[in-house]
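S.K.: Residues per chain, in single letters:
Number of protein chains: 2
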Amino acid sequence: MSYNKTASITAETINPKVKIFDYEPCGEIARHAERLEQEMEKSPGSRPFPEITYCNLGNPQALGQRPITFFREVLSLCDNPALLRRDETRMLFSPCAINRARKIIESMPGRNSGAYTNSQGIRSLREAVASGIAARDGFPSRPEDIFLTDGASSAINLSMQILIRSQEDGVLCPLPEYPLYSASIILHGGTMVPYNLSEDGDWGLEIFEVKRCLEEARIAGLTVRAMVIINPGNPTGQVLSVTNQEEIVEFCRKEGLVMLADEVYQDNVYVEDRKFHSFKKVARSLGYDENDISIVSFHSVSMGFSGECGRRGGYMEICGFGDDVMGEIRKVASVTLCPNIGGQILTSLAMDPPKLGDGCFENFMAEKEDIRLSLAKRAKTLAGAFSSLEGMTCNRVEGAIYAFPRIHLPAAAIKAAKAEGMSPDLFYACRLLDATGIAVVPGSGFHQVSGRNKATGTWHIRCTILPGEDKIKVMIPRLKEFHESFMNEFRDRS
Amino acid sequence: MSYNKTASITAETINPKVKIFDYEPCGEIARHAERLEQEMEKSPGSRPFPEITYCNLGNPQALGQRPITFFREVLSLCDNPALLRRDETRMLFSPCAINRARKIIESMPGRNSGAYTNSQGIRSLREAVASGIAARDGFPSRPEDIFLTDGASSAINLSMQILIRSQEDGVLCPLPEYPLYSASIILHGGTMVPYNLSEDGDWGLEIFEVKRCLEEARIAGLTVRAMVIINPGNPTGQVLSVTNQEEIVEFCRKEGLVMLADEVYQDNVYVEDRKFHSFKKVARSLGYDENDISIVSFHSVSMGFSGECGRRGGYMEICGFGDDVMGEIRKVASVTLCPNIGGQILTSLAMDPPKLGDGCFENFMAEKEDIRLSLAKRAKTLAGAFSSLEGMTCNRVEGAIYAFPRIHLPAAAIKAAKAEGMSPDLFYACRLLDATGIAVVPGSGFHQVSGRNKATGTWHIRCTILPGEDKIKVMIPRLKEFHESFMNEFRDRS
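In the order they appear, the protein sequences are chains A and B. One point on numbering: in my numbering, the residue at position 236 of the first sequence is 451, and numbering is uninterrupted. One point on numbering: in my numbering, the residue at position 103 of the second sequence is 318, and numbering is uninterrupted.
Hints should not be assumed to be uniformly reliable.
[Unchecked claim] Derived list of chain B stretches under chain A, where covered just means 3 residues or more per stretch with a C-beta under 8 angstroms from a C-beta of chain A:
hint, region
1, 268-278
2, 295-306
3, 686-700
[Claimed, not checked] Cβ-to-Cβ under 10 angstroms is the rule here; a few derived chain A residues that face chain B:
hint, residue
4, G242
5, D538
6, I556
[Said to hold, decoys possible] In silico lysine-lysine, BS3-like type, Cα no more than 25 angstroms apart, as pairs:
hint, chain 1, residue 1, chain 2, residue 2
7, B, K490, A, K232
8, B, K318, A, K257
9, B, K592, B, K686
10, A, K234, B, K546
11, A, K546, B, K490
12, A, K633, A, K234
13, A, K232, B, K232
14, A, K490, A, K583
15, B, K232, A, K234
16, A, K570, A, K583
17, A, K595, A, K469
18, B, K232, A, K546
19, A, K232, B, K257
20, B, K490, B, K570
21, A, K318, B, K232
Rather than coming from a laboratory, the hints here were simulated on the basis of the structure. All C-beta atoms, glycine included, are put in the ideal place defined by N, C-alpha and C.
Please work from the sequences and hints to get the whole structure.
M.R.: What follows is the structure, encoded as C-alpha cells:
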C-alpha cells in the first residue's frame with residue numbers, strides 16, 4: 216500500500232505531547248504585539264503610542280540594559296585570539312580582559328575557541344564556576360558536579376529527561392509557574408503536581424500546602440520525584456526567607472524529593488530585608504550533605520547584571536546523584552555534543568568576575584551596581600504604580616524582574632471577556648496593549664488559574680521592570696489613563 | 216509514609232530510555248584516551264608515543280584546523296560593538312568584517328547582541344541563510360522555513376520530538392549510522408528502522424533494501440514516518456550520485472515519508488566525479504514542490520571549511536509541513552527561547568560569505584580552498600594507507616571527514632576479544648590506542664553489527680581525516696607497524 220503526501224505530517228499526526236502544552240510568554244500577546252508593530256511600521260501614527268513597550272519578556276538588553284564591558288571584551292578577544300598578539304589591541308581592550316582571554320584560550324582544546332569541548336563544558340571554566348559558588352555559599356563546590364549548559368532552560372529539560380519515566384511520575388511545581396516547567400514535564404511524558412504560592416504571604420511557600428498537594432498526588436497513584444522551587448520567584452518576584460527555605464529543605468529531605476532549585480535570579484534582589492541564599496547553602500548549613508539530599512541548582516547569564524539572554528549560557532550544579540547517574544547524565548549531554556563556547560565563557564566570567572585589586576574591578580562594580588540600583592528603583596516605582604490603581608493590588612517586588620499585580624476585575628469585564636472567548640486577564644492585557652502599546656503577560660499564562668486550588672478566579676498580569684527609568688516615567692501615566700477608562704467602561708454599578 | 220534519600224534518584228530509577236541507548240563516539244575509546252592522556256601527563260615518556268591523536272571525533276579545530284579569519288572578525292566585532300565606533304579598529308579588522316558586523320548589529324533586537332531573539336533566529340540572519348540556499352540550489356528558499364539552531368543535533372532532536380508519538384512510530388535510518396539518530400529516536404520513545412548501506416556499492420543506498428526494511432517494519436505494525444539520509448555520509452564518507460538521490464526522493468514521495476536530510480558535510484566533497492546536491496534541489500528538479508514531499512534539511516557550521524563545532528551554530532530548512540505544524544514547531548522552539556547568537560551569526564556568514572568584489576573575498580577563498588585541498592589530500596592518503604594493510608579494505612573517502620575501513624579480523628583475534636568481553640572491533644581499537652596513541656571509533660559504535668542484516672559480522676573502524684598533513688605522515692607508519700604486529704599475533708594459521 217502506498218501513502219499519499221497529506222498523510223505524512225499534519226497537525227493531527229504530530230506528537231500529541233507537543234500539542235497539549237501552551238507557552239504564553241511567547242504566545243497570544245507576543246504575536247499581537249508583533250502584528251501591531253508591523254502595522255505601525257506600515258502606517259506610522261496609526262496608533263496613539265509611538266512604539267511597543269515589551270514588558271512581556273524578561274529580555275533586559277532588548278530594553279536597553281547595557282552589557283558589562285569586561286564580559287564583552289573577553290568574549291571579543293576569545294573569538295579572535297589573533298588580537299592577543301597585536302600591540303594595537305591594548306588601545307582597545309583593558310589589560311584585565313586581555314589577561315583573562317589569554318588564560319581562557321590557553322585552557323581550550325587545540326588552544327582554539329571553536330572546537331567541541333567536553334560535554335560538561337571546559338574544565339577550567341567549570342573550575343571558575345565552582346570557585347564562584349564556593350565563594351558565594353561558603354561551602355565547597357566541585358567542577359565534576361557542574362554542567363555548563365545552553366542557558367538554564369536546556370539544563371531544566373535535561374533534568375526532566377533524566378527524572379521522568381512515565382505519566383505516573385510527578386514533579387511538584389509552584390503556581391503561578393514559569394511555564395517552561397509544565398511544557399518540559401509534558402514533553403517528557405510526566406505529570407505536573409502544582410502547589411500554590413501564597414499571594415497573601417508575599418508569594419511565599421507554605422509547607423502545609425505543598426504537603427497537601429504531595430499527598431493528593433500520591434493518593435492518585437503518582438510517584439512524586441522532585442520539587443521545583445523558583446527563588447527569587449518568576450513571575451512572582453518574591454525572595455524566600457531563610458526560615459522558609461529551611462522548611463523546604465527539611466520537607467524534601469524527609470519526603471525523598473530531588474530539589475530542582477531555579478536560582479537564575481540570584482543577583483536580582485532589591486530589598487534590604489531579604490538576601491539570596493542558595494538551597495545548597497541552606498541544606499549544608501543545616502548539616503545535610505549529598506548523602507542526605509539531592510539538589511540541582513540552575514543558574515544562567517540571562518538575568519542578573521549580565522542580562523546576556525541571547526548568549527545562552529548557564530550551568531547546573533548537581534549534588535547527591537551518585538556516580539552512575541552522573542555517568543548517564545554525561546551520556547545524554549554528549550548527544551548534543553557540548554554547550555556553546557560563548558555561553559561557557561560568559562558563565563565563567565559571571566561566576567568568577569574581576570576581584571578587588573584587578574585593574575577593571577572598579578569599573579566592573581560600578582556597571583554592576585548601576586544596573587542593580589536602577590532595577591531596584593524601577594521595581595519600587597512600578598509596584599507602587601500598580602498598587603495605586605483602582606482594584607489592583609501588588610506585592611513588593613523583592614527580587615527577579617517582574618511585578619505580578621492582581622486585578623480585581625469587574626463582573627462586566629469578565630462577561631465581556633467571555634463573549635470574546637478570552638480569559639479575563641488576557642482580555643485586559645489585549646486592551647492594554649491596543650490602547651498603550653504596553654505588552655504584558657496575563658497571569659493565566661503562568662497557569663495561575665488551572666483549577667482545583669484556592670487561587671482560582673484571581674486575575675493577574677506579569678509586567679517586567681526592564682524598561683529604562685525614562686520609559687517607565689512615560690509608561691505609568693499611560694497605564695493609569697488606560698486603567699481608569701477600562702474601569703469606567705466596566706465598573707460594577709451595584 | 217516517608218521516603219529515604221536512597222530512593223530519590225538512582226541509576227535504577229532514572230528514565231529507562233536514557234539507560235538503553237549508547238553513544239560510542241564519546242564512549243569507551245574516548246574515556247580510555249582521556250585516561251591515557253592523564254597518565255602520560257603524570258609520567259611523561261611512559262608510553263611509546265608523545266601524544267594522543269584524536270581521530271575518534273570530528274572536531275577539526277581541536278586538531279589544528281584554523282578558523283576562517285572573516286568569520287572570527289565579524290563575531291569579535293558583534294560581541295563588542297563599541298569597537299565599531301573606534302578608529303583604531305581599522306588597524307585590527309578588515310573593512311569587510313566591519314561592514315558586515317555593522318549590518319548585523321543594526322538588525323538585532325535593541326541593536327545589541329545579547330538579547331533573546333525570535334525563537335527561529337534573527338530574521339535578517341535567516342534571510343542571509345535563505346539567500347545562500349537559493350544561490351546553492353537555484354530554487355527559492357524562504358526565511359520563514361529556516362530555523363536557526365544550536366548546531367544540527369538540536370535540530371534533529373526537535374524533528375524527532377515533533378514526529379514521534381509512540382514506540383509504534385518508526386524512522387528509517389542508515390546502518391552504519393551516526394548514533395545521534397538512534398539516541399534521539401530512543402529518547403523520544405520511537406523505534407529505529409535500520410536500512411543497510413552497501414559497502415560493495417561505495418556505501419550507496421539501495422532502494423530495494425530500504426523498501427524491504429520499510430515493508431518488514433510495516434508488517435511488524437510500525438507506522439514509518441520518516442527516512443534519515445546522511446549525505447555526504449557519516450561514518451561512511453560516501454557522496455550519493457544524483458541518480459541515487461532521485462530514486463530516494465521518488466521512494467519517500469510514494470511512501471509518504473518525511474525526508475530528514477542530514478547535509479552537514481555538504482562542503483566536504485573531495486572527488487571530481489561527485490558533487491553535493493541538496494535533496495530539496497533534487498526534488499524540485501524532478502518537479503516536486505512542497506505539496507508533493509516534506510523535506511527537512513539539516514546543516515551546521517561545525518564541519519566544512521568553518522569547522523566551528525564548539526560554536527553550536529546550524530539551521531534546518533523545513534519544506535512541506537503546513538502552517539499549523541510550523542506553528543507547533545515554533546512553540547516547541549520557544550521553550551528553550553532562542554538559539555545562541557554567536558551560532559546564529561556564524562551560520563549566516565557560512566551561508567552568505569564574502570562575494571567576488573568584496574575586499575576580503577580573495578583571502579576568504581584562499582583560506583577555504585586551503586582547507587578543502589588539504590582535507591582532500593588527507594582523505595586520499597589515509598584511505599590509501601588503510602587499503603594497503605593486510606586484511607583491510609577501504610572505500611574511497613568521497614566526502615565528509617571520515618575513513619571507514621573494514622578489517623577482516625583473524626579468528627584468533629575475535630576469540631581474544633570475546634575472552635576480554637569486547638566486540639572484536641573495540642578490541643582492535645583499544646589495542647591500536649594503547650600501542651600508538653591513535654584513537655578511532657569501532658564500527659560497532661555506529662551500530663554496524665546490530666543484527667538481522669547482511670552486514671553482521673563485518674568489522675570496521677572510523678578514523679577522521681582531521682590530523683594535519685604532518686601528523687598524518689607520522690601516524691601512518693605507526694599504524695602500519697601496529698597492524699603488522701597485531702596480525703602477527705593473531706594471524707590465522709590454517
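S.K.: Does each hint hold? Answer for all of them.
M.R.: A quick look at each hint next to the structure:
no. : hint               : result
1   : 268-278            : holds (count 6)
2   : 295-306            : holds (count 7)
3   : 686-700            : violated (count 0)
4   : G242               : 8 angstroms, holds
5   : D538               : 9 angstroms, holds
6   : I556               : 4 angstroms, holds
7   : B:K490 with A:K232 : 40 angstroms, violated
8   : B:K318 with A:K257 : 22 angstroms, holds
9   : B:K592 with B:K686 : 13 angstroms, holds
10  : A:K234 with B:K546 : 9 angstroms, holds
11  : A:K546 with B:K490 : 35 angstroms, violated
12  : A:K633 with A:K234 : 24 angstroms, holds
13  : A:K232 with B:K232 : 17 angstroms, holds
14  : A:K490 with A:K583 : 17 angstroms, holds
15  : B:K232 with A:K234 : 22 angstroms, holds
16  : A:K570 with A:K583 : 13 angstroms, holds
17  : A:K595 with A:K469 : 38 angstroms, violated
18  : B:K232 with A:K546 : 12 angstroms, holds
19  : A:K232 with B:K257 : 51 angstroms, violated
20  : B:K490 with B:K570 : 21 angstroms, holds
21  : A:K318 with B:K232 : 40 angstroms, violated
In this structure, the hints that do not hold are numbers 3, 7, 11, 17, 19, 21, in rising order.
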